[in-house]
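Which chain is which? The protein sequence lines are A and B, in order. Residue numbers for the first sequence follow numbering that gives the first Met the number 0, beginning at 0 and rising by one. Residue numbers for the second sequence follow numbering that gives the first Met the number 0, beginning at 0 and rising by one.
Where hints are given, some of them may not hold.
Partial list, computed: chain B residues near chain A (C-beta under 10 Å) [claimed, not checked]:
| hint | residue |
| --- | --- |
| 1 | LEU24 |
| 2 | GLY145 |
| 3 | LEU149 |
| 4 | ASN150 |
| 5 | GLN158 |
| 6 | ASP221 |
Just so you know, the hints here were simulated from the structure itself, not pulled from any lab data. The beta carbon of each residue, even a glycine, is placed where N, CA and C say it ideally should be.
Protein chains: 2
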Amino acid sequence: MDGWILAFDFGGTKLSAALLPLAALSESQPTWTAQRRVFSPANGDARDDLQTMIRLGHELLAGRKATAVGVSFGGPVDAAAGMVRLSHHVPGWENAPLQALLAAEFAAPVRIDNDANTAALGEWRFGAGRGVADLLYITVSTGVGGGWVLNGRPWRGHQSMAGEIGHMVVDPGGPLCLCGKRGCVERLASGPYMAQDYNAQRPNADAPITGELVARLAAQGDETAVRILRRGAWALGVGIGNAANLMNPQLFVLGGGVTKSGELWWDVVRQTARATALPEVAVTIVPAALQDDAPLWGAVALAYRIYD
Amino acid sequence: MDGWILAFDFGGTKLSAALLPLAALSESQPTWTAQRRVFSPANGDARDDLQTMIRLGHELLAGRKATAVGVSFGGPVDAAAGMVRLSHHVPGWENAPLQALLAAEFAAPVRIDNDANTAALGEWRFGAGRGVADLLYITVSTGVGGGWVLNGRPWRGHQSMAGEIGHMVVDPGGPLCLCGKRGCVERLASGPYMAQDYNAQRPNADAPITGELVARLAAQGDETAVRILRRGAWALGVGIGNAANLMNPQLFVLGGGVTKSGELWWDVVRQTARATALPEVAVTIVPAALQDDAPLWGAVALAYRIYD
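Same shape as in the complex, but just chain A (with noise of 0.2 Å):
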């Protein structure tokens, strides 16, 4: 199997991008040809964005010719269409037909996703979901995401909007989301917000903490952070759970900052989504395998398979 998969992560900040060899896909642990990584300008927009993509990939190819190129973008998608929505953190990607463009300038199939279904991706095909026929990949970090993969396929839902387990209210007597409702997973179990939440309890505290320090904090016994981790591993487990009941997946993998929190949040995570569940339904949590690298193989996968 001659040719080589372009594979790029474009996260907001930083862009990474690395070419594989067809070949290595049947490799048990296959492992990049090259790989770089770089920082987006701090005033960039979507054009120099563009261009940074293009001047690493032809970098990467060294005049070889993509067979296929595969994109994970940190943002709204239309994968169908191959077009970005927009990026929160970067202007000028409003509708961008990023497909298109790059298959132009590669001269090769191009599939471009969002970073939750390629990270779910690249867990299934490469990570902690090898094997499975369907998981959810939720990543629980400045915010909370998921993504499909039923059927050994993506599942993007009608609109590209499939996964959004963040805004599963669980406790409708809970915090404002900046969405606008009360007691979505995301208010409670978002790093971030488990720092806010810290924060406004403990106003006489050094300094503003993070959701990393909450963390911390918890497993030194602090008792504020004790009960702000617990309270969101127990909103995740129960948006896992309800998950679990609707969709009856095969197993859940969980990536991002937050996962690393301890024995704690995983056990919490797991009574509660255990609990939720109803007793036939099986219910399989496993910490992700790829973490920060998991979009890049999901954009491999997406390449090689080239899903539409």
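For this one, chain A is given, so just place chain B on it according to the hints.
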């Protein structure tokens, strides 16, 4: 297109059977060649029901040969294995190989599934969901259950347990459900639970009332009934909005007795679902078209397409 589809709907207390010529499937509103409906004996068991199915099938066929047989079963089914797991109404159905038994009897391919999944398929192929790619069908009746069609195919989940929107938790501080959790959609939105809550709040009412009566009393302005009906509709609306965020299906189809509760109920369901889904996520909710016949029509679709 010569040939006949034999369809069964076994609901626990009654059994329907119908015969349809394959040629009728190209009509926009096909009608049965013949249909039979019988009630199960009060103290019957699975053996009785099976004999009745076989007898009705042969009566309808009257010597003709079935091209394919589809069965909707009112209870948990392992569709892939063709096995009934059990009936909650009739003893003896535990692990019955219904697909194989009927295939031997009628010398034709047989497919079986639970009634929520077949109703979803029936509405998709012949009812309110014609022409859409994917939908969630929800029955709101003595229980609350659901069935998925995704990309024109049933989605049953890893253990044939998908669709349990009735046991999605939407109010963790809410009343206790028979499943052991608090604030499940079913606990708040199903007919018997609404009736139970009304009776508990109006202990001096003349006689215990039903879910249907709660809706009628609400229409007459009874404040307790209005509050209970609104709460049920709210719970279902949160469940639908959560499902929309998670799966982004094109359509939600609602059937079952509680959906006859009038405009107030529909308004609250629709408004709550709309408010729960993200602004970018479309939520289209329509009443079922086939009602009680949905599982039987779904059995036709199941047989005809021979889904696995």
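Taking the hints in turn, this is what the structure says about them:
no.	hint	in the structure
1	LEU24	violated (25 Å)
2	GLY145	holds (8 Å)
3	LEU149	holds (7 Å)
4	ASN150	holds (8 Å)
5	GLN158	holds (6 Å)
6	ASP221	violated (25 Å)
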